[in-house]
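Protein sequence lines correspond, in order, to chains G and A.
UniProt numbering puts the first residue of the first sequence at 1, with every later residue one more than the last.
UniProt numbering puts the first residue of the second sequence at 1, with every later residue one more than the last.
Don't read these hints as lab results, they were simulated from the structure.
Even glycine gets a Cβ: it sits at the ideal position worked out from N, Cα and C.
Hints are not guaranteed to be accurate.
[As the list claims (entries may be wrong)] Which stretches of chain A does chain G cover? Using the computed rule of at least three CB atoms under 8 angstroms from a CB of chain G, they are: (1) 79-92; (2) 204-215; (3) 425-435.
[Stated by the list, open to error] DSS-like cross-link-like pairs, simulated, lysine-lysine; straight-line CA separation at most 30 angstroms: (4) G:Lys213 to A:Lys233; (5) G:Lys60 to G:Lys138; (6) G:Lys233 to A:Lys352; (7) A:Lys443 to A:Lys424; (8) A:Lys168 to A:Lys60; (9) G:Lys233 to A:Lys233; (10) A:Lys213 to A:Lys233; (11) A:Lys443 to G:Lys213; (12) A:Lys352 to A:Lys213; (13) G:Lys443 to A:Lys213; (14) A:Lys352 to G:Lys352; (15) G:Lys424 to A:Lys213; (16) A:Lys424 to G:Lys213; (17) A:Lys233 to G:Lys352; (18) G:Lys138 to G:Lys443.
Protein chains: 2
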Amino acid sequence: MTLDAVLARIDNSLPEALDRLMALLRIPSISTDPAYAAQCDAAADWLVADLASLGFEASKRATPGHPMVVAHAPGDGPHLLFYGHYDVQPVDPLSLWDRDPFDPALEETPAGQVIRARGASDDKGQLMTFLEACRAWKAEHGRLPCRLTIFLEGEEESGSPSLVPFMKENADELTADLALICDTGLFESRTPAIVTMLRGLLGEEMVVRGPSKDLHSGMYGGVAINPIRVLTKVLAGLHDETGRVTLPGFYDGVTELPEAIRAQWQGLAFDHARFLGDVGLSQPAGEQDRTPLEMIWSRPTCEINGIWGGYTGEGFKTVLPAEAHAKVSFRLVGDQDPNAIREAFRAHVRAKLPPDCSVEFHGHGNSRAGHMRTDSPAFEQARAALTEEWGRSAAYVGCGGSIPIAGYFQTILGMDAMLVGFGKDDDQIHSPNEKYDLESFHKGIRSWARVLARVAG
Amino acid sequence: MTLDAVLARIDNSLPEALDRLMALLRIPSISTDPAYAAQCDAAADWLVADLASLGFEASKRATPGHPMVVAHAPGDGPHLLFYGHYDVQPVDPLSLWDRDPFDPALEETPAGQVIRARGASDDKGQLMTFLEACRAWKAEHGRLPCRLTIFLEGEEESGSPSLVPFMKENADELTADLALICDTGLFESRTPAIVTMLRGLLGEEMVVRGPSKDLHSGMYGGVAINPIRVLTKVLAGLHDETGRVTLPGFYDGVTELPEAIRAQWQGLAFDHARFLGDVGLSQPAGEQDRTPLEMIWSRPTCEINGIWGGYTGEGFKTVLPAEAHAKVSFRLVGDQDPNAIREAFRAHVRAKLPPDCSVEFHGHGNSRAGHMRTDSPAFEQARAALTEEWGRSAAYVGCGGSIPIAGYFQTILGMDAMLVGFGKDDDQIHSPNEKYDLESFHKGIRSWARVLARVAG
Numbered sequence: 001m002t003l004d005a006v007l008a009r010i011d012n013s014l015p016e017a018l019d020r021l022m023a024l025l026r027i028p029s030i031s032t033d034p035a036y037a038a039q040c041d042a043a044a045d046w047l048v049a050d051l052a053s054l055g056f057e058a059s060k061r062a063t064p065g066h067p068m069v070v071a072h073a074p075g076d077g078p079h080l081l082f083y084g085h086y087d088v089q090p091v092d093p094l095s096l097w098d099r100d101p102f103d104p105a106l107e108e109t110p111a112g113q114v115i116r117a118r119g120a121s122d123d124k125g126q127l128m129t130f131l132e133a134c135r136a137w138k139a140e141h142g143r144l145p146c147r148l149t150i151f152l153e154g155e156e157e158s159g160s161p162s163l164v165p166f167m168k169e170n171a172d173e174l175t176a177d178l179a180l181i182c183d184t185g186l187f188e189s190r191t192p193a194i195v196t197m198l199r200g201l202l203g204e205e206m207v208v209r210g211p212s213k214d215l216h217s218g219m220y221g222g223v224a225i226n227p228i229r230v231l232t233k234v235l236a237g238l239h240d241e242t243g244r245v246t247l248p249g250f251y252d253g254v255t256e257l258p259e260a261i262r263a264q265w266q267g268l269a270f271d272h273a274r275f276l277g278d279v280g281l282s283q284p285a286g287e288q289d290r291t292p293l294e295m296i297w298s299r300p301t302c303e304i305n306g307i308w309g310g311y312t313g314e315g316f317k318t319v320l321p322a323e324a325h326a327k328v329s330f331r332l333v334g335d336q337d338p339n340a341i342r343e344a345f346r347a348h349v350r351a352k353l354p355p356d357c358s359v360e361f362h363g364h365g366n367s368r369a370g371h372m373r374t375d376s377p378a379f380e381q382a383r384a385a386l387t388e389e390w391g392r393s394a395a396y397v398g399c400g401g402s403i404p405i406a407g408y409f410q411t412i413l414g415m416d417a418m419l420v421g422f423g424k425d426d427d428q429i430h431s432p433n434e435k436y437d438l439e440s441f442h443k444g445i446r447s448w449a450r451v452l453a454r455v456a457g
Numbered sequence: 001m002t003l004d005a006v007l008a009r010i011d012n013s014l015p016e017a018l019d020r021l022m023a024l025l026r027i028p029s030i031s032t033d034p035a036y037a038a039q040c041d042a043a044a045d046w047l048v049a050d051l052a053s054l055g056f057e058a059s060k061r062a063t064p065g066h067p068m069v070v071a072h073a074p075g076d077g078p079h080l081l082f083y084g085h086y087d088v089q090p091v092d093p094l095s096l097w098d099r100d101p102f103d104p105a106l107e108e109t110p111a112g113q114v115i116r117a118r119g120a121s122d123d124k125g126q127l128m129t130f131l132e133a134c135r136a137w138k139a140e141h142g143r144l145p146c147r148l149t150i151f152l153e154g155e156e157e158s159g160s161p162s163l164v165p166f167m168k169e170n171a172d173e174l175t176a177d178l179a180l181i182c183d184t185g186l187f188e189s190r191t192p193a194i195v196t197m198l199r200g201l202l203g204e205e206m207v208v209r210g211p212s213k214d215l216h217s218g219m220y221g222g223v224a225i226n227p228i229r230v231l232t233k234v235l236a237g238l239h240d241e242t243g244r245v246t247l248p249g250f251y252d253g254v255t256e257l258p259e260a261i262r263a264q265w266q267g268l269a270f271d272h273a274r275f276l277g278d279v280g281l282s283q284p285a286g287e288q289d290r291t292p293l294e295m296i297w298s299r300p301t302c303e304i305n306g307i308w309g310g311y312t313g314e315g316f317k318t319v320l321p322a323e324a325h326a327k328v329s330f331r332l333v334g335d336q337d338p339n340a341i342r343e344a345f346r347a348h349v350r351a352k353l354p355p356d357c358s359v360e361f362h363g364h365g366n367s368r369a370g371h372m373r374t375d376s377p378a379f380e381q382a383r384a385a386l387t388e389e390w391g392r393s394a395a396y397v398g399c400g401g402s403i404p405i406a407g408y409f410q411t412i413l414g415m416d417a418m419l420v421g422f423g424k425d426d427d428q429i430h431s432p433n434e435k436y437d438l439e440s441f442h443k444g445i446r447s448w449a450r451v452l453a454r455v456a457g
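For reference, chain G alone in the conformation it holds in the complex:
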C-alpha cells in the first residue's frame, strides 16, 4: 500500500523535517512590531524557496503590510487549498523565557520531547506538518496527491489587515473546492479534533486624557480629574457582578446551543478541573450558569488585554498623569456584529467620561464568528483518517480562539474550511516558553498524509 510507504518515509526522514522547522523558527517574524518587518519578509522568502523545492510554482506577494506566500501545483482530483501563517506573537516579557525564543531546541521533558521556540506551535510547527506530508508524498509518488494551492499569511497575529483585500483581489486564484487550515489543537491534548465553531474577535485601543500635562498629586490631587481613575471606572463597568457584559445590544445574535451539540460536548467528558488547575486556578470566572467548555466555545467575552498610565517604574512618584491607556478585546459568537459592538463600546466609554476628559480610540481588526458545514463528505473522510492515526475517535469541537480566515473563505471565496491541528493545551502559545511536542509534529505530518490519501483519493 502506498500510504504505508509514505508513512514509513515520514518516520525515517523526521530528523531532516525537524531541521527545516528549526531553520524557520530561527527567523523572528513578529508581525505586530514594525521593527521586525525585515524578518517577516525573510520568513516568507524561506517558505517560497521551500515550496519551490517541492515543485510548487511559489511566489512572495507584496501587500501594504507583510507579504503573502502563494504556491500552486497542478494535479488530479479535488482542488485543495492549505492555509497557515508564518508570523508569530511578540515575546515579552523576555525575562520569563528559559531560553532565547528564536534559538529553537529539542528538549527532553517528563512528557516527552518538545520543540521549544516562539512559533513552534503557533503556527510554524503546524504549517510545516502539511508541507512535510506533501514532501513525503511527492518523494514516494513522484507527484503531489492532487491539485494544491498553498496560501500563507504573515499578519495573523496582528489583525490580518491585508488579508481581506488580498483575497478579494485574488479570488479566482485562491478559490478551491475545500480549504484546509492547521492552526488548532488536539482536544484535551490527545483526541484528534476538527473545529466546526470559531469565536470572532474585535480589538479596541483607547487613551483617556484629562489635564494638559502630568501634575503633582500634592498640588492638584482631589481637584484635577485623574485619567487613570476615569479609566478604571469605565473598564470596571463593562461586566456586571455575574460576569455578563453590560454593553447594550452585546448579546444580540448570540443564540443558545442546540441540545444535540450540548449533549455531544458533554459526552467529551472534558476535565474542567485539570484545565483550570494547569494554570493555577480552581474555579471558572465569568458567567456562572455555563460550563467552562460552553463558555470557551459558544459564549462571547470582553477582556482587558493591557492597561497602563502614570508612573510604572521602581519606587514611587506622586504623579497625577495627563493620560491613561487600555487595550480591550471581545470574542464573538453566533451572529454578533463586530461593528455594532465597537460602536456600543465607544458609546459606553464616552457616556462615562466626566467633564474635561476626552477619549481617542484606535480599532484593531474585527471578525465575525465562524460555523463550518460538516455535511460535506471531506469532513467524515478526514475524521476517519484522524481516528486511524491517533487511535481515538476524532471529534467535532468548538474553539475559543479566533481564526477569521475560516469565515473569509466562506464569505469571500464561497468554500468550506476544515480546521485540523495538533497543538496541545500546554503549548504556551502567546506566552513565554512556547513549545510543540515532537509527537504533535511527527503524528501531525502522518495525519495529513492520511487525510490527503482519503480526501484526494
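Using the hints, position chain A against chain G.
The following block gives chain A in isolation, referenced to the frame of chain G:
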C-alpha cells in the same frame, strides 16, 4: 545699615550664585531609582564642600539609603536649623522634555528669565537660596548671623525611609530653637507665604495575581479570572459618585475648617478658574461641596499614581495576563492615622478579590498631616521680612503637598518648623521641563537675608 550691604552684595554676586546652582543641577540625583545612587552621593559631596567653604563643620552621614548632609556653625542668638533636600524626581517621560533635564540653562521667556532643569525648583534652587544668603552675610559680616545647623536629605522624593531613624539617633545634634524649611511656594506665584498646614502622605503599591502564567484570551477568555479586570474593579470602588473616598474610617480625624481660617482663605481671592485653566481643565473634580483651595489644603484624597498590566506595546496581543499592578497614594489631613488607613485600604482590596486571586502589597512611607503653631514670635518676624522684600502682605496658607519633615521636627525633636519658599505654580515640579524663575532665586536669597536679620537679631 548692614542688611542693605548684604542685599547689595547678593545683587552684585548673583552670576556666581547661579553658577553654583547650575553645578548642583548637573548632578542627576534621582533618589527613587537605585541606578542613580552614585549621583545622589555626588550631590551630597558637592554640598559638603560648599558648606565647608562657608565655614561650616560639614559632613556626609551614611544611612541605609542615600546619605544625609549635616553642618554646624557656632554663633550668638537663637539656634536655627535649615532643612532642604538634594534629591530630585525621576524625569520620565524624557521625550516630553525640551532639553536634557540635567543640562541646566538660563532661558528667556515672556515672563522673564528661568532656570530650566530637573530640581531647579524642587528643591535644589530653593535650598541654595538659604546657602547663598548665608554666604553674602558671612562675606559682609565676617561671620554667620547666628548659631546654624544645616540638615539636607537625599530621600525626600522616595519616601524618606532613613529620615526618622536618623533624626532619632541624632536628636541632640539636630535639635534647635526653630527649623526653617525651603520647599514650598509663593501664593498664586506672587504673594510671599508661610505654610502652616501640610497634608500627610501614604503610598501603597500592589500586585494582583490570578493565573499562574500569561494566557491566550481565545483559549481562556471568559473562564479564567483576569487580574486587570479585578484591579479595575478594586480601584473603581475607592471613590463614590460624589468623589468621596469609600474606605471605612477614612474620614476619622478629619475636622472641618475653623470659620476664621476659612474666611482668611476666602480673603486670598484665589483664582480657581486660572488654577484649573493653566492645566487644561475647566471644572474641579472631587468633592463637589468644597472650593478647590479648601480641597487642596484641608481635605484628604486618594489618587492612583500608576497602573500597568498585560500587553502595553505597539499593536495588539490578546493576552490574559498573570498579574496587574498599581501605585496608589493618599493625602492626609487633621489627625488621620496613616497606619489605620493603610490597613483599611488593604482590607478593601482583599475583600474584593475573587477566588483564585491573590494580592501582594508594598508600603511606601507614610506621614501624618502637619499643623504649625504661629504664635511663636519668629513667625510674625518672618512675615514682616517677607512683606518688606516682596511688597505684598505675606500670608499664612495651607499646602496640598506633603512635607513630612515638618511633622517630624515637632514630634521627634519638639521644635516648631517655619516653611517659606519661592516656587511658582508653573514651575512644573515632578513634570517635564521643570524650571525656577530667576526672580524666585534672586529674591529668595534676599528674603532669607531679611528673615535672618529679624529672627537672629
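Results of checking the hints against the structure:
1. 79-92: holds (count 3)
2. 204-215: The restraint on the segment 204-215 of chain A holds, since 7 of its residues have a Cβ under 8 angstroms from chain G and three suffice.
3. 425-435: Answer holds; 6 residues pass the 8 angstroms Cβ test.
4. G:Lys213 to A:Lys233: Status holds; Cα separation ~26 angstroms.
5. G:Lys60 to G:Lys138: Roughly 23 angstroms separates the two Cα atoms, so the pair holds.
6. G:Lys233 to A:Lys352: It holds: about 15 angstroms lies between the C-alpha atoms, which stays within 30 angstroms.
7. A:Lys443 to A:Lys424: Roughly 13 angstroms separates the two Cα atoms, so the pair holds.
8. A:Lys168 to A:Lys60: 17 angstroms, holds
9. G:Lys233 to A:Lys233: 8 angstroms, holds
10. A:Lys213 to A:Lys233: 21 angstroms, holds
11. A:Lys443 to G:Lys213: 28 angstroms, holds
12. A:Lys352 to A:Lys213: It holds: about 22 angstroms lies between the C-alpha atoms, which stays within 30 angstroms.
13. G:Lys443 to A:Lys213: Roughly 28 angstroms between the alpha carbons, so the hint for lysine 443 (chain G) and lysine 213 (chain A) holds.
14. A:Lys352 to G:Lys352: Holds, at roughly 22 angstroms.
15. G:Lys424 to A:Lys213: 16 angstroms, holds
16. A:Lys424 to G:Lys213: 16 angstroms, holds
17. A:Lys233 to G:Lys352: Given pair lysine 233 (chain A), lysine 352 (chain G) holds - Cα atoms ~15 angstroms apart, limit 30 angstroms.
18. G:Lys138 to G:Lys443: 18 angstroms, holds
The structure meets every hint from the earlier list without exception.
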